[in-house]
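Chemist: Now for the letters of each chain:
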Amino acid sequence: MKKYTKTILFTFIISIAVIVRFYKLGDAPAGLYLDEASLGYSAYSILETGKDEFGKILPIAFRSFSDFKTPIYTYILVPLIPVFGLTKFTVRFPSFILSILTLFFLYLLINEITPKKHSGPIAFLSMLLLAISPWHILFARSAFECNVALFFFTAGSFFFFKSLKIPKYLPLSAGFLAISLIAYHAQRILIPILGAILFVKYKSILTSKIHIRYLVLSILVAIAILLPTISIINTPGFLARASGLNIFSQERPTTSGMISDIPGNLNYLINNRYYLLLKEFSSLYVAYFSPRNLFSLGDYDKRASYPELATFFVWQLPFYLLGLYKLVKEKELKELRFFGLTYFLISPLPAAVTRDPYSSIRSLQMVIPLVIIISLGIYACWQMLKSVLFKYTAIGAFLIIIIYSLTKLYSSVIILNEYHRAQEWNYGWQDVAEFIKGKDSQTMFVVDTARQGPYIELAFFLKHNPSKFQKENFEVTPEEYYVKMDRRSSWNLGNVTIKPIEWGLDLNKKQFLIGDSLAISDEQIKNHNLTLVKDILYPNKGIAFRIVETNPK
Amino acid sequence: MVITTSIFWPLGLFLTNNSHDFITYLTPSLLLSISFILNYKRNRYFLLPIVIIPLIDIKLTLFPLFIFLFSLFNKNIKTLQSKLFFIIIGILIIFFNRYNFQQNSVFKLEYEAKQEVLREIHLYPNPFLARTFQNKGRIVLDKLSDNFFALIDPGNYFFSFHPREGNIINQNLVKLPFLSLIPVVIGLLNIKKIKYDFAVISLIAGVFSLSFVEIFDRSDFILWLPILIIFTNGVNILRLRQYRFIYTTFSFLFIGFSLLELLRIIHIYR
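So the sequences go chain by chain: A and B. Using our numbering, the letters of the first sequence correspond one by one to residues 866 to 1418. Using our numbering, the letters of the second sequence correspond one by one to residues 54 to 323.
Worth flagging that the hints you see were computed from the coordinates, not collected in a lab. Please note that the accuracy of each hint is not assured.
What the hints assert, rightly or not - Here are the simulated lysine-lysine pairs, BS3-like style, with alpha carbons at most 27 Å apart:
1) Lys1191(A) / Lys245(B)
2) Lys1273(A) / Lys867(A)
3) Lys1273(A) / Lys189(B)
Stated by the list, open to error - Simulated coverage check for chain A against chain B, where a stretch passes if three residues somewhere in it have a Cβ under 8 Å from a Cβ of chain B:
4) 1138 to 1148
5) 1155 to 1167
6) 1189 to 1195
Note that the Cβ used here is the ideal one computed from N, Cα and C, for glycine as well.
If we strip away everything but chain A, and leave its shape as in the complex, we get (with noise of 0.2 Å):
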């Protein structure tokens, strides 16, 4: 491939690429899902005060709602606050420029793996592919830190090909690959395993004369980079996600498959739970391999998903069978058979002990061998054609086909999204904030606290004073940050309380009352005497919320 049409190709791709995700990128989805808000809320008080909003100096992992947050998003977060304000653009500015970033390296990536008569084609599909992905595109535009995750997993793998031949690489891979670590919960199952299988594939180059001080750098840097996390890895803050989640936890009670009325022995037999355990952990792992959830449903969760869109698109489904046929029979590919298949069986291990059903967001390493799989597929029918008559058709019927591809992600990220999943992302309490903004600070407003997070939301948009919010909001001393786990059920924010609506108390005196429309219903309004002020509508004119006024006798 000529220098010039490489250059023109990775400009060609990057720009689709910036297109799709900076394209109203604060405003659609037009809510901030609350780990959003908190994520920015986080950096801004340790931008204004050195400390989170529970008052902790840099924490090594952020308290949140009922887990804890990882920190590389919030410490991306701080510097770019002075720069562009606290706003929704802001928070999820990181993860566009990361999601680009991801494309660069994949590039590099693929190129450093594939032998070099395909490496041109494969690299540049890969990128294409990442580029229009739904999967991709979804966290790039939101504030997730799997997103920012993907990125130093990428760039980490990279490094640690590269290093095969320059060893001086080896250090980098091992802090990338830290970082990445840190920076998600599922990373911390996927990167150990990942190194270990490394290791073991390439130890008579890692262990060789040249490489080896090379190799004890790296372990050094990743200490030095995880030895924080590691000083609270028992914590019950740091394990709390873990315990929560897993489906071998032993706090859950019962295990999916039980038979119930079973008696005695027969019960030990037939409702055995290691049986039942491993049955379900290969019936979710394999869910992450199912064509029905990469290319037809994606994830159940609505706010992981677009509407009308799973992970990838339908047409992608040939390629995906050939390239992965390919991938398991062809040996020439080398590196990259290697690289695919390794990372295609592990990537969905974090995810696949987890209860929910076909997690994109902790499978999200997986986007990477799956647009490598479906390069190849594409790549793999390119070559079976011989006539040049069949390849410009091809051509032509490719560029159709990304076309479509990228109206559909217009329809389903900007139209579709905003009209049927604004509940899902929060929507709403932008127009609450920007109505307590409009009175003055004598107004008094209790916030219903039936939704989760009201809090954060509304400490985002008011800008509210971190260090106020650590006076009026105490819950817990530095020394119990990680372990003490009970949360506060209101918040003061100056005029605003967030807590329950008591009908009777909260009616005594001259006040608004916000809510949603089950907290504050029209019989309510009707009962307790209560003046509606405002609605505010989803895109869909559902009711978000409601804003009365007491009228206290």
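Got chain A; can you put chain B on it based on the hints?
Modeler: Using the frame of chain A, we list chain B on its own:
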């Protein structure tokens, strides 16, 4: 292993259905088996039993046509006249069954689905975009693809659709022991080694024809025999000398777990 595996699906079907339904859904598979035997004996009339299948289960109306189309390259049908004969037969079956089949197919449009398309059309900035993504054809295509993907989902055959049972109307039968997934995958990856290509043809024809059915549940029993042959292919590869240790270990595990699963089937469906 093959015998153990072959029991699962028929047993589940027997225990979860009344005798009339059981015979209705079993017979097409038996007819296919006769066809398989005739094909194996290189009998030129091996496709004839398949013609009877739509008379027993209307949902399998398209099955003969797909079989006949895919069999065009089969060695046992030698003359062009024979090929055309079977294709014409397939078309005639569809023609005579068209009304009843349409009522059981993805082509039956529900009022609510049409209303949803109409509602969503208004969300788009221009009619071209709206018509591209929101049209009545999409309703059919969505149903077709839902069925197709459910039929090629490993979860359907090895885990009773677990962990995503809720997306499709199905009895969620335990169709195969979950460890049989390994030989089936090996069998599929070595599909070229299956000497018995009629099994592959009937598997693909079964998946395609059932995709057009509104609810394919139970009629999908037609896939039992082709899948069993793919499984046997996988087992045969595992039995090769270089994998003998793996094969022996796997066999013990397989039989143990499968017997446990059979016990569970009896307890679940009794």
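Chemist: Any hints this thing doesn't respect? Which numbers, in order?
Modeler: 2
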